[in-house]
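Peer 1: Listed below are the residues making up each chain.
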Amino acid sequence: MKQKDPALGALALYAMLTAALLLLAFLGANLYASLTDGRAQDETRRATLAYIQSRVMAADAAQGVRVLDGPEGDALALAVDDSGYEVLIYCDAGRLWEQTSPAGSDFSTDAAQAIADCDSLALAWKTGATGAPVLEITANGANALVALRSGEEQAA
Amino acid sequence: MNEQRVKSSFSFYLQILILLAVFLSVGVVLVQVFAAARGMSRAARAETDGTTLCRSAAEAFGASGTAEATAALLGGTADGETATCYYDAAIRAAAPDSAWTYRVTVNVSEEETAAGTIAAAHIEAYAADGTVCASLDTETYLPGTKGGTAYAA
Amino acid sequence: MRRKQLRLGSITLLFTVIVLCVATLSALSAATAHADKAVADKYAAQVAAMYEAEEAGQEWLAAVHAAIAAKGAALKQADLPQGTTLSDGTISVELALDNGRTLSIALQQADTAPGYRILRWENTAQWTENTDIGNLWTGGSASQGA
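Residue numbers (our numbering), protein chains in the order written: chain A, 1 to 156; chain B, 1001 to 1153; chain C, 2001 to 2146.
Isolated chain A, as found in the complex (with noise of 0.2 Å):
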């Protein structure tokens, strides 16, 4: 009898360490999961919400900045200097696309680059205190501001 004893106390602890690693093991991997979910979130808003207060900000200039109806939601017209071309933001079948072509073409994804997952766009347009026009950007649910500095005339 007392021969066993041991034994039982040997797999006992044995039980108990396979367990415990088992369970480190299982969090471990929930955690890995978590880390990766929360790191493509965070790289999703930096390239939907930041991308666009970027472009916006690149493109201030008197009458570049418009927007228009887009495939799904609104979207953003961006004129490039005096060349009649306009870069053209939208969300297509879940993605944020980026389209340069002349000003006045339609959206098609064949000519466009995706930049990144966007469930929904919407733009719209508020005033300053200043008078300065604010684009209000609502992507993937979450907002951002952008003030445009051109535009009206300032009088002292």
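Treat the hints with care, as some may be off.
Facing chain A, according to a computed beta carbon distance under 8 Å, are these residues of chain B, among others [unchecked claim]:
| id | residue |
| --- | --- |
| 1 | Leu1020 |
| 2 | Gly1027 |
| 3 | Val1028 |
| 4 | Thr1048 |
| 5 | Ala1060 |
| 6 | Ala1069 |
| 7 | Leu1073 |
Once the Cα atoms are required to be at most 20 Å apart in a straight line, the calculated EDC-like pairs of lysine to aspartate or glutamate come out as [unchecked claim]:
| id | chain 1 | residue 1 | chain 2 | residue 2 |
| --- | --- | --- | --- | --- |
| 8 | C | Lys2042 | B | Asp1137 |
| 9 | C | Lys2042 | C | Asp2088 |
| 10 | A | Lys126 | B | Glu1124 |
| 11 | C | Lys2071 | C | Glu2052 |
| 12 | C | Lys2071 | C | Glu2059 |
| 13 | C | Lys2071 | C | Asp2088 |
| 14 | C | Lys2042 | A | Glu43 |
| 15 | C | Lys2042 | C | Glu2052 |
| 16 | C | Lys2042 | B | Glu1124 |
| 17 | A | Lys126 | A | Glu43 |
| 18 | C | Lys2076 | C | Glu2094 |
| 19 | C | Lys2071 | C | Asp2111 |
Just so you know, the hints here were simulated from the structure itself, not pulled from any lab data. Remember, it's a predicted structure, so these values are computed and weren't measured experimentally. Where a beta carbon is used, it is the ideal one built from N, C-alpha and C, also for glycine.
Chains B and C: place on chain A using the hints.
Peer 2: Same frame as chain A, now just chains B and C:
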């Protein structure tokens, strides 16, 4: 015979204990690595969201010039020269008494120039636990009278 | 006398495999989190640089508006900050900062002085074309090497 059995049990348990010690110590180290990774990921998320919020606040300030007008554009409140706005985890505007995730403050100061005023803003984004996620400094020029209210559209 | 053998057993092998899997997961988790943090830091630095350029632009605007308010229609290039160009009533400047940002501003004096209208305020990143082609063959006749 009994002595041999005792020695055999002792060496068996010794092997088990050494094995347990090795694997437990490795497990402890790995748990610490996991915890550090999780902390770093949360900090990255807070920094990304905080930077986006600070940027929006800076743009709102650029189009407003005052704390009150900035708060109105962002959907927050103003108290003197400070505008405060609250946001949820999806960086949408939230009520102050709700379970907000981020708080953004815009502190405005002004400096008069020859033909107008330069309004400067120090913007900070805080997480719910009070830590600073991101900060930003920006300026906007307001031509004309102090406070920038005399504008012609 | 036979030496006692150390019997590790199949359970130890199982433990080793599980621990290796967990160690791999932890290394991947640490690398993923570190990469995410690095990109977040880079994004924050980029935004800070963007608004440093914005501050420089607003201070330039204040100086130019002071010149417009003082001189009005008699404004000359010498009255404007260094690097500013005055041409056909359009005042423009390219502010290139050390942090890699460029702010291109153009404004026009308004008909009702001392007002102004901003025509362009483009905040972009500087980009230098890499003209080094490394060890690529630059051309030439095949017989030269024969």
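Peer 1: Would the stated hint for Thr1048 of chain B survive a check requiring a Cβ distance to chain A of less than 8 Å?
Peer 2: Thr1048 of chain B check passes; min Cβ-Cβ to chain A is 5 Å, inside 8 Å.
Peer 1: Classify the hint on Val1028 of chain B as holds or violated, based on whether any CB of chain A lies nearer than 8 Å to its CB.
Peer 2: violated (10 Å)
Peer 1: Straight-line Cα separation of Lys2076 of chain C and Glu2094 of chain C no greater than 20 Å?
Peer 2: Answer holds: Lys2076 of chain C to Glu2094 of chain C is near 18 Å, not above 20 Å.
Peer 1: Starting from Lys2071 of chain C, check that the Cα of Asp2111 of chain C is at most 20 Å away, please.
Peer 2: Judged against 20 Å, a Cα distance of about 14 Å means the pair holds.
Peer 1: Verify the proposed pairing of Lys2071 of chain C with Glu2052 of chain C, using a straight-line Cα cut of 20 Å.
Peer 2: violated (29 Å)
Peer 1: Would the hint linking Lys2071 of chain C and Asp2088 of chain C be met if the CA-CA limit is 20 Å?
Peer 2: holds (16 Å)
Peer 1: Under the criterion that the straight-line Cα-Cα distance not exceed 20 Å, is the pair Lys126 of chain A, Glu1124 of chain B satisfied?
Peer 2: violated (23 Å)
Peer 1: Given the proposed pairing of Lys2071 of chain C with Glu2059 of chain C, does the C-alpha separation stay at or below 20 Å?
Peer 2: holds (19 Å)
Peer 1: Verify the proposed pairing of Lys2042 of chain C with Glu43 of chain A, using a straight-line Cα cut of 20 Å.
Peer 2: The hint holds at about 12 Å.
Peer 1: Against the 20 Å threshold, does the CA-CA distance of Lys2042 of chain C and Asp1137 of chain B hold or violate the hint?
Peer 2: Distance of about 17 Å is within 20 Å: holds.
Peer 1: Does Asp2088 of chain C lie within 20 Å of Lys2042 of chain C when you go C-alpha to C-alpha?
Peer 2: This hinted pair is violated, its Cα atoms lying about 41 Å apart.
Peer 1: So if I understand the rule, the pair passes when the alpha-carbon distance is 20 Å or less; does Lys2042 of chain C with Glu2052 of chain C pass?
Peer 2: holds (15 Å)
Hint compliance for this structure: hints 3, 9, 10, 11 and 17 are not met, and every other hint is.
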